[in-house]
Amino acid sequence: MPRAQPRSLFARIEGLPIIIVFALMLALFMTMAPLVFLAPNIYMTFLSTLPPLMVLSIGLTFVIAAGEIDLSFPSIIAFSGFVFAVLFKQYGLGPLAAIVAVLSGSLVGWLNGLLIARVGIPSFIATLGTQFFWAGMATVLSGGRSYALRGVEESWTWRVIDGRLGGNDPLRWYTQVSMEAIWTAAIVLFLWFVLNRHRFGEHVLFLGDSNDVSRVVGIPVAREKIRLFTLMGTCGGVAAVMLTLENRNYFGDQGSGYLLTAIAAVLIGGTSILGGRATVVGTIFGALIMGMLEAGLVASGLTGAWVRTVQGLIFLVAIVFYLLADEPARRHALLGRFGLARGPGGRSPRSGPPVPTR
Amino acid sequence: MADIAVHPSGTRSGNARPPAPGTDGFVDIVRMEQVQKYFGAVHALRNIDLRIGRNEIVGLIGDNGAGKSTLIKTMTGVYAPSSGRIFVRDKPVDLANYSVAMAHDLSIETVYQDKSLGEKQPLWRNFFVGRQITNRFGFIDVKRQKAVARQILEDTIGFRGVGIGVDATVKNLSGGERQGIAIGRAMHFNADLIVLDEPTVALAVKEVRKVLDFVRLIKSSGRACVYIEHNLAHVHEVADRLVVLDRGAIVADIAPRDMTVPELTEYLIDLQKSQH
Ligand SMILES: Nc1ncnc2c1ncn2[C@@H]1O[C@H](COP(=O)(O)OP(=O)(O)O)[C@@H](O)[C@H]1O
Ligand SMILES: [Mg+2]
Numbered sequence: 001m002p003r004a005q006p007r008s009l010f011a012r013i014e015g016l017p018i019i020i021v022f023a024l025m026l027a028l029f030m031t032m033a034p035l036v037f038l039a040p041n042i043y044m045t046f047l048s049t050l051p052p053l054m055v056l057s058i059g060l061t062f063v064i065a066a067g068e069i070d071l072s073f074p075s076i077i078a079f080s081g082f083v084f085a086v087l088f089k090q091y092g093l094g095p096l097a098a099i100v101a102v103l104s105g106s107l108v109g110w111l112n113g114l115l116i117a118r119v120g121i122p123s124f125i126a127t128l129g130t131q132f133f134w135a136g137m138a139t140v141l142s143g144g145r146s147y148a149l150r151g152v153e154e155s156w157t158w159r160v161i162d163g164r165l166g167g168n169d170p171l172r173w174y175t176q177v178s179m180e181a182i183w184t185a186a187i188v189l190f191l192w193f194v195l196n197r198h199r200f201g202e203h204v205l206f207l208g209d210s211n212d213v214s215r216v217v218g219i220p221v222a223r224e225k226i227r228l229f230t231l232m233g234t235c236g237g238v239a240a241v242m243l244t245l246e247n248r249n250y251f252g253d254q255g256s257g258y259l260l261t262a263i264a265a266v267l268i269g270g271t272s273i274l275g276g277r278a279t280v281v282g283t284i285f286g287a288l289i290m291g292m293l294e295a296g297l298v299a300s301g302l303t304g305a306w307v308r309t310v311q312g313l314i315f316l317v318a319i320v321f322y323l324l325a326d327e328p329a330r331r332h333a334l335l336g337r338f339g340l341a342r343g344p345g346g347r348s349p350r351s352g353p354p355v356p357t358r
Numbered sequence: 001m002a003d004i005a006v007h008p009s010g011t012r013s014g015n016a017r018p019p020a021p022g023t024d025g026f027v028d029i030v031r032m033e034q035v036q037k038y039f040g041a042v043h044a045l046r047n048i049d050l051r052i053g054r055n056e057i058v059g060l061i062g063d064n065g066a067g068k069s070t071l072i073k074t075m076t077g078v079y080a081p082s083s084g085r086i087f088v089r090d091k092p093v094d095l096a097n098y099s100v101a102m103a104h105d106l107s108i109e110t111v112y113q114d115k116s117l118g119e120k121q122p123l124w125r126n127f128f129v130g131r132q133i134t135n136r137f138g139f140i141d142v143k144r145q146k147a148v149a150r151q152i153l154e155d156t157i158g159f160r161g162v163g164i165g166v167d168a169t170v171k172n173l174s175g176g177e178r179q180g181i182a183i184g185r186a187m188h189f190n191a192d193l194i195v196l197d198e199p200t201v202a203l204a205v206k207e208v209r210k211v212l213d214f215v216r217l218i219k220s221s222g223r224a225c226v227y228i229e230h231n232l233a234h235v236h237e238v239a240d241r242l243v244v245l246d247r248g249a250i251v252a253d254i255a256p257r258d259m260t261v262p263e264l265t266e267y268l269i270d271l272q273k274s275q276h
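Protein sequences, first through last, are from chains A and B. Here the first sequence is numbered in this note's numbering, starting from 1 and rising by one per residue. Here the second sequence is numbered in this note's numbering, starting from 1 and rising by one per residue.
Everything labelled a hint here was simulated from the structure, so no lab data went into it. We put the CB at the ideal spot given by N, CA and C, even for glycine. Be aware that one or more of the hints could be misleading.
To be verified - Ranges of calculated distance between the beta carbons of each label pair, as one might list FRET restraints:
#, chain 1, residue 1, chain 2, residue 2, range
1, B, Ala96, A, Gly144, 21 to 31 Å
2, A, Ala325, B, Gly40, 45 to 55 Å
3, A, Asn211, B, Met102, 16 to 26 Å
4, A, Ala333, B, Pro92, 50 to 60 Å
5, B, Phe39, A, Asp212, 37 to 47 Å
6, A, Asp212, B, Arg136, 24 to 34 Å
As the list claims (entries may be wrong) - If you want the ones that stay clear, here's a sample from chain B, every Cβ over 10 Å from chain A, calculated:
#, residue
7, Asp49
8, Asp63
9, Val100
10, Leu117
11, Arg125
12, Val129
13, Gln132
14, Asn190
15, Arg241
16, Met259
17, Pro262
18, Lys273
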C-alpha cells in the first residue's frame, strides 16, 4: 500500500479553513449591513483598532504553540501603558517613553519566564498570579487615575507609531491607513518567519509537542521558555503603547477586554490548544473575525451585549471543531457515542499502517 | 506495503573481532571500569567492567530492574557514576563534566523508545532539530535541510518507494518506521555508538523485523550498538555478544553461537530462581 500523500489544498494553504470562515462572515455582514461594510471607512477604522489585538495574538500564538498559556498580558497592557503615559506626559520623554514601555513589557514577560522555567510553576498558575500583581501595581502607581494625552497628535512619536499614512485626508481613503497597521504588518511578517523558519520557532513547536523529546534532542528547554515569555511580554508592551496612543488616553483597565479575544483569535485560527502546531496566518484571520464581529453585529442591528455572547460561542465551536479534527481517537469516541463510528470498535490510531489524514 | 530495504551506506572499518585498532587508532568505543552507581541506598550498578568494541553489537539483557537502563544512562552522560572510570575511544572521560551534550560531541547517540521524535513535526524538522542548518541569524535553510533529509530517508534508511516523504509527520508513521527515523538520524550525524533502549516494545512482528534490520544496518556501516531488549530471540539474532545483568552486576558475557535461545531462556530463569 503506497502512501504517496498528495498534499491537499488545506495542507498547502496556511489557515485556509479560517480564511473561508472569514470570507463567509464578511459576505454575511455585507448583505446585512451594506451601508457600513461596502464602504472603505469601516476598514480604515479596523486598521487602527485591530493592531493591538493582532500583536497580542501573534505573541500568544507562540505561547500556545509551546503548550503553555499566558494570562498576564491584560495586566501588561495596563502596566506598560501606564509606564508610557507617565514617561510621555509627565517626563516628556517622547519616543524614549515608547521604548521604555515596550521594555517594561519584556521585563514582565521575562519574570514570567523565570517563574515558569526556573522555579517550575505551571504557566497557567504563574501568569494568573502575575496578572493580579502587575494589574495591581499599575493601579497603585497611577493612583487609579487616567492620563489624557491631549495634543499628542502633534508629537513626532504619535506620527511614527500611530499617525495616518498620508496626512489623514478624508477624501482619499488610503491617506488614512494608520501607521500602527504598517508596524503590525511588519511585526506579523517577521514573526511568521521566526515561527516557521527560525531555530527558535522550531524549538517552540517541539516544546509544545513534548518537553521530554525537546530535552533529548538537545533543546535548551528552560532558556527557550524564558525567551518565549519575554517575547509575549514584548508584544504586550507594543500593544500597550499602540492602544494608549490610539485612545489618546491611559486608563487602568484598558487591557481587560483582550483576554478572551486574543486567546480566541489564536485558537479559532487553528493553532492547537494542545501545542506543537501553530499558524500565524490563522491567528491573523482569527483576530480579524473577533474584531469584525463587534462592528458587524452592531451594524446588523444587534445590541452590543450580544457581541461577547457570539464571540464566546464561536470560540467554543472552533475549539471543539479543531479538537475533533486533531484527535482521531476523540473523534471516534464521540462518533461512537452517537453510533456513527466506522467499522466495529473503530480503529486505534496506533495499530497497523497509518492512514494518511491529510 | 513495500518492505524496507537495507542499504548499508558508507561502510567504514571491517567488522571483525578480535578488534584491531581502526584508522583513528582505538579499539573500544566505550569502556567502563569498576563503575558503581547508587541512587540513595539503592546500589543500582555494581563493579561494572564493560567494553564495547568499535563495530560490535552488544545485547544487554536481564530482568526488570536489573539496571540495564541505568547502565546505558551512565554510559551516555545522563547520570554521573558514583565511582569508577569511563573511557571513550580508549581515552578517559572527565566525569565531572560528562553530559548528554558531551556524549553527542563524542559521537554517542541514544534512541529512546518513545522520546526521540516530535510527534506532530515533519520528518525534515525531526532530523535536524537541535543542530539545524542555519544562517548566522539563526534562520533555517529549509531547502538544504529537506534535501539532506530526503537523502537520509532514501539512502541511509532505505525508505525509497515507501511513500514517506520529508514532509510526513511522525504521528503518521508506524512504530518500526519511527525507530528507523531515529536510528537513521543518529547514523547521519555520524554516531559511532548508537544505544537503543528496548526499541521493539509494543511493536507488531513486522515492525520488529524492520528494527532488527536497522540494527544490522548499524553493524554493516561500521558502527557499534548497545541494544537493550527484553525479547531474547530478537537480541540473540542480531547481537555479537550478550551481556547479562543481574541486580546491578554483570553476571555473564555470552557469544550467541555458544547458546541457543531456549538455553539462554533457561539460564535466565535459573538466575531469577537463585534470587529467592
Ligand atoms: N532515577 C532513579 N532514582 C532512583 N532509583 C532508580 C532510578 N533509576 C533507576 N533506579 C533503580 O535502579 C534499579 C535499576 O533500574 P533500571 O536501570 O531502570 O532497570 P532496567 O532498565 O534493567 O529495568 C531499580 O531498582 C530502580 O528502581
Ligand atoms: Mg529499563
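Hint by hint, here is what the structure shows:
1. Remark: the range hint 21 to 31 Å for Ala96(B) to Gly144(A) is contradicted by a beta-carbon distance near 56 Å.
2. Checked against the given bound of 45 to 55 Å, the beta carbons of Ala325(A) and Gly40(B), roughly 47 Å apart, stay inside it.
3. For Asn211(A) paired with Met102(B), a C-beta distance near 22 Å keeps the hint of 16 to 26 Å intact.
4. For the hinted restraint 50 to 60 Å between Ala333(A) and Pro92(B), the CB-CB distance of approximately 55 Å keeps it satisfied.
5. For Phe39(B) and Asp212(A), the hinted distance range of 37 to 47 Å is not satisfied, since their beta carbons lie about 20 Å from each other.
6. Checking the proposed 24 to 34 Å range against Asp212(A) and Arg136(B) shows it holds: the Cβ atoms sit about 30 Å from each other.
7. Every C-beta of chain A lies more than 10 Å from that of Asp49(B), the closest at about 28 Å, which supports listing it as non-interface.
8. The Cβ of Asp63(B) sits about 26 Å from the closest Cβ of chain A, beyond the 10 Å cut-off, so the non-interface label holds.
9. For Val100(B), the requirement that its beta carbon stay farther than 10 Å from each beta carbon of chain A is not met, with the minimum near 7 Å.
10. Against chain A, the non-interface label of Leu117(B) is violated: not every CB pair exceeds 10 Å, the least being about 7 Å.
11. Chain A draws Arg125(B) into its interface by the beta-carbon criterion, the shortest separation being 6 Å against a cut-off of 10 Å.
12. In this structure Val129(B) is not separated from chain A by more than 10 Å, as the shortest Cβ-Cβ distance comes to only about 5 Å.
13. Interface exclusion of Gln132(B) from chain A breaks down, the closest Cβ pair being 5 Å apart, not more than 10 Å.
14. With a minimum CB-CB distance of about 15 Å to chain A, Asn190(B) clears the 10 Å threshold, and the non-interface call stands.
15. The non-interface label for Arg241(B) is consistent with chain A: the shortest C-beta to C-beta separation is roughly 27 Å, beyond 10 Å.
16. Interface exclusion of Met259(B) from chain A stands, the closest Cβ pair being 34 Å apart, more than 10 Å.
17. Non-interface call for Pro262(B) relative to chain A: holds, since the shortest CB-CB distance, roughly 30 Å, exceeds 10 Å.
18. Residue placement check: Lys273(B) keeps its beta carbon more than 10 Å from all beta carbons of chain A (closest about 36 Å).
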